[in-house]
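Visitor: Read off the chains here:
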Amino acid sequence: MMRIRASIATIAMVALVAAGIATRGAAQDKTLTIGVLGPLSGGAASYGVELVRGAEMKADEINKAGGLKVGNDVYHIKLVSYDHKALAADAATAANKLVFQDKVKYIIGNAVGATCNAVQTVTEPEKVLFSFVCWGTNNLGPDKPHSFRAMLSQWEVAEPFYRWVKEKHPAVKRVALISPNDTSGKDTNTAVVKALKGLAFEVAADEYYERGTKDFYPILTKMLATQPDMLDVAAAPAGEAGLILKQARELGFKGAKGWTAGTNPFTIIGVAGKDAAEGVWSPTNINVKSDFVSPTVRRFGEEYEKRYKEVPGVIAVANYAAFDVFTKAMQDARSLDTDKVLAALTQKPFDTVWGKLVLGGKETYGIDRQFLYPVVISEIRDGKVVDIAQVLPAALKK
Amino acid sequence: MSGPAAGVALIALTAAALPLITRDSYYLDVATTILMNLTLTMSFRLQISTGQINMAHISFMGIGAYASALLVTRAGLSFWATLWIGALVAASLAVPIGSIALRVSGPYYFLITFAFSEVVRLFFNNFFEGLFGGPSGLVGIPKPGRVLGLAFDSKLALYGLMAVMCVVVVLALVRLDYSRFGLTAGAIRQADLVAETLGVNVFRYKLTAFVLGSFVAGLAGVFFAHFRQVLHSSDFGLEPMVLLVVFTVIGGTGSVWGPAVGTILMTIASELLRELHHYEILVFGAVLILTMLFAPEGLVALPSAARRLLRRRRRQATAPAGAGLAP
Amino acid sequence: MSIELLVQALLNGFGLAMVYVLVALGLTLIFSILEIINFAHGEFYMLGGYITYYAYALFGLNYFATLGLAILTVGLAGVAAERLIFHHLRGRALNAFIVSLGLLWVMQAGAQLAFGVLDKPVPSAFSGVVRVFGLVMSVERVVVTLSAIVLIAALYLFLRWSRPGRAMRAVAQDPDAAALQGVNIDAASALGFGVGCALAGGAGGLLAPLFAVSPAMGALPVVKAFIIIIVGGMGSLPGAVLGGLLLGGVEGLGALFMGSAAVNILGFLMVIVVLLVRPRGLLSGA
Amino acid sequence: MTVMPGSIHGLIGPNGAGKSTVFNLITGVIPLTAGEIRYKRERISELRPSEICRRGIARTFQATALFREYTVLQNVLVGAHLLAAPGLVPALLWSRAYRERERRARERAHALLTSLGLGAVAGQVAGQLPHRDQKALALAMALATGAELVILDEPLAGLTDHEKAETTAVLRRLAEQSVTVLLVEHDMKAVMGVCDTVTVLDHGVRIAEGTPREIQTNAVVIEAYLGAEEPGA
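As they're listed, the protein sequences go chains P, A, S and Z.
Counting from 1, one number per residue, gives the positions in the first sequence under this note's numbering.
Counting from 1, one number per residue, gives the positions in the second sequence under this note's numbering.
Counting from 1, one number per residue, gives the positions in the third sequence under this note's numbering.
Counting from 1, one number per residue, gives the positions in the fourth sequence under this note's numbering.
Extracted from the complex, chain P is given alone in its bound form:
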């Protein structure tokens, strides 16, 4: 009850403040509307909510600092975010609303593979710049020059991650993979299997489960019967990944654990329990509380937790960074014209919460639209996430 009242109060305050800013700024400032899409209700809601929050954090930061200065104009940033309930058809309608109703030229943030395809049928013909954290391989390509992936995907992290595993933990020979049965799961497992074969690992199991599954005993029984040395909960979201690890431990699994497409380490530790989560390596986890991260990230983490009462996962950070990159590119281009911003985006590296970031990926996708930044490999030790190695994607080494 308290919570609801507090939320209502917050909404009222935000509305008041927003109204205040709007009326005050109307005279000299212009408004830049940016769209965010995502599943904001139902089973996949946590993805969408993190996307919106990441964007909100950056937008508020910019607005508080007086707005975004692009060329001679100063813009107040207005966020419009719509829920598509993880349904492709609904996502297309929502994208239409953003593009044609709200006249948005930038959609920063979307998750759930199939919805990305649907959104792209709207954004590409309209030359709307669209960044997302969906992991479908086919979401990037030369036929989709206005689409960006704002987060490292399996194709960038699987190979360096397993190369690191091979070097540091030579005992690991047989790897079992499990992912949810959707685009990101399928594409993640495909990428990991390719990396594993390239590095001469054995693929002990390559399994998929239906999203929303809670009882993994049946599938784990089958997987563990293949005697893997390492269990990779590849693209499983944090809650489900935690359950898998917990139940694998109950079934007697004692090998190494990986999370190629890790998202929120605190949830996995909480759900799996300290013991079952012990020793999980991940190349994508971000621990905003770690001593290793930059002060900016830590500040972001503290601010986020204060504001939303939850610890941010990698998606929140990724969208915060994506917002940062796009707004910086607008400033570089000294224009809001998408063609000019597109040119600025691919011109030079950006300094972000991730560290140095460039757009690359031509060798994988045929076009440089993948955000590349240092891969930080972390390990869960005693319920804490510890960064233990940093690997640079090839494009950043140059």
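Think of the hints as simulated: they come from the structure by calculation, not from any bench.
Every value quoted in this text rests on a predicted model; they were computed, and no experiment measured them.
Don't be surprised by glycine CBs; every beta carbon is placed ideally from N, CA and C.
Incorrect hints may appear among the rest.
Straight line, CA to CA, 20 Å or less: simulated EDC-like cross-link-like pairs of lysine to aspartate or glutamate [as the list claims (entries may be wrong)]: (1) Lys69(P) x Asp337(P); (2) Lys127(P) x Asp24(A); (3) Lys144(P) x Asp153(A); (4) Lys103(P) x Glu275(A); (5) Lys155(A) x Glu124(P); (6) Lys155(A) x Glu126(P); (7) Lys143(A) x Glu126(P); (8) Lys143(A) x Asp143(P); (9) Lys127(P) x Asp153(A).
Sample of chain A residues at the chain Z side, in silico, Cβ under 8 Å [what the hints assert, rightly or not]: (10) Ser179; (11) Leu183; (12) Gly186; (13) Gln190; (14) Leu198; (15) Val200.
Every beta carbon over 10 Å from chain P, so not counted as near; a handful from chain S, in silico [to be verified]: (16) Val150; (17) Tyr156; (18) Pro164.
Take the given structure of chain P and dock chains A, S and Z to it, following the hints.
Guide: Using the frame of chain P, we list chains A, S and Z on its own:
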């Protein structure tokens, strides 16, 4: 017979007038979605009118959609051919599925059709991935090709196509409802045993409604595939199905116009509420509960209910008003 | 494939079957008394889960006391839902279905609003695993299954021997006749709905430490419960137990031979087959 | 048991004798497990109720069963289903032949209602009719099928004496028009007055059959009624 004609004319005129008022792509997109949903809810109501709540209705939309998408992309057929083929595939699959499901009735029918719809969805999602695209979905479905010198690459043209399809479907379904078929269907819904002993082959009627409804759903599905150009099994799962039921029942199942009222109002409302994120379903849920409590016959029955209430009020003007129900 | 693996697979399937039977029994109880297919049933399960999260994980109440609290609170919530909403929809199955959908949305969005979107872990009350002949099951699951069986037995005794329980059964069989015998239909309906929800709440409380809690957690068990009651036969307690065991067995074994995601199709196929052979379920009308 | 064409045949017996069951078996509402039913020499025991109706047998139900949301006229029109020869395509095309056929069906229905004294209430909703009219409507629906054999389950129950007289007059008129009537009735006086033949059933077994006069003096029948309870009012 002026009632049905006037209703169809109203829908047709409104649909024709919209592009004169706005050509905004978003409005056209929403309007196209409404018309598409309208064909679905009206054909769903056709089945409700014989007493069946077919939770697999959306699956036949999916069957039409996947059939057409594959025939166009793999076999190189034209949309104008697959429009019929897709619908016929849906209808012909409806014959065996309907024959099985119609062996049971009431809640069992509801649940067996739900089971069928999940089987179909899981089938598209997990089997023959090379064909149906599996969990990644089917992408790159082309828009309808040129026909009779008309191009269908713009939102407006697609809207026009859907509008024509919708008006034809509505015309046919309304005509059916006001015909002997509708009379008999309603009799079956009210007392199927009595209808049977009066010589009505109830099973055949229900199956006819099922197959005909599935044909229309397949038609809508084919359009959907080439309108959205992307297909995913979740588009034909429980959630969108539930929305169809909601549109239909909120509008009112007692009248052939109920689904139209429900679909139009609810789709517009949900677009207006889109920014509310999860508050949207909070508001939506509350609206559902309140509507069903205070307008159990659906929105379309509200005017006559209000009239009845007013009359009763006037009659017992001195007596204290009963609980609730105040308009 | 070794025999051991097969048996372990069966055991996996049966492992949590009884908890889903609990959810299914709630659903079938509500259906037989009010003729309502309550789609929001999973949300009462979710409510039970969150009560457990707050009472047990945050305030450190005793595990079994928490379970009792979850059952009681969710039961009361069920009574309230019946009195305020479903009571007015008796005899209107379709309307009640729509309302239950509305309730589902309101409760799910409300939970997201009140409790946040992330999965909330509930620590295990019992640790360790039981190993017999190379078969493995965690102590936690053993306790949960036993608790579920106790609750099922309690429900059986309640329906069989207690006055309100008998009244509920009478209403389920024939409301008019029950009313003639002096049964208070309103009270029996409200109580029936409450007990049905309480069972879901209990199941949610039992599974919370195993599965963590989240606003959308109710979707899965309610679908399983539907399969269980159609296969077993609506309104039949032994039928639900049988349906639960069948579903668990089929899913447990199926996971060995086909992709785990595809296994979900088996339950629905089972529904279709059973309804074809016995249109009212395997043990209907008991 | 055999029913002769053009006669009014009564089926009586104490409560629980199985009279309604016989009706349900004849009309296919309950599947027959043993024995057989023939109509005009054709075996009809495996047919659906609608098929049986198609062969010319229509019925009413003990608890008067109507389409309660429909008007009286609509109820009769549903009964005229078989004569109207419905079809999806003609209805969709709204052809002249279809409309003509429906117009004739309407006329016939009106005529039938008038002949049964329901002409004035044709537009009323069936569920709100008085009991007497509901009974008459149920009969009208059965007749509207064009049946040659109508099976009536307690057509007189709950009617006043005056109303009973009206109904029995209708039944006689039917027999004159060579419609066969098979009826179950508790009112002995009416049964004996109107029927040509009477069959007595007890515990599912036929214990006597004959003219009303024969039955009234049959010792077995008297025994069965006295042994059970008072014959219905």
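Visitor: Give a verdict on every hint.
Guide: Results for each hint:
no. : hint                  : result
1   : Lys69(P) x Asp337(P)  : holds, 14 Å
2   : Lys127(P) x Asp24(A)  : holds, 17 Å
3   : Lys144(P) x Asp153(A) : holds, 18 Å
4   : Lys103(P) x Glu275(A) : holds, 15 Å
5   : Lys155(A) x Glu124(P) : holds, 15 Å
6   : Lys155(A) x Glu126(P) : holds, 13 Å
7   : Lys143(A) x Glu126(P) : holds, 16 Å
8   : Lys143(A) x Asp143(P) : holds, 17 Å
9   : Lys127(P) x Asp153(A) : holds, 17 Å
10  : Ser179                : holds, 4 Å
11  : Leu183                : holds, 6 Å
12  : Gly186                : holds, 7 Å
13  : Gln190                : holds, 5 Å
14  : Leu198                : holds, 5 Å
15  : Val200                : holds, 5 Å
16  : Val150                : holds, 21 Å
17  : Tyr156                : holds, 25 Å
18  : Pro164                : holds, 31 Å
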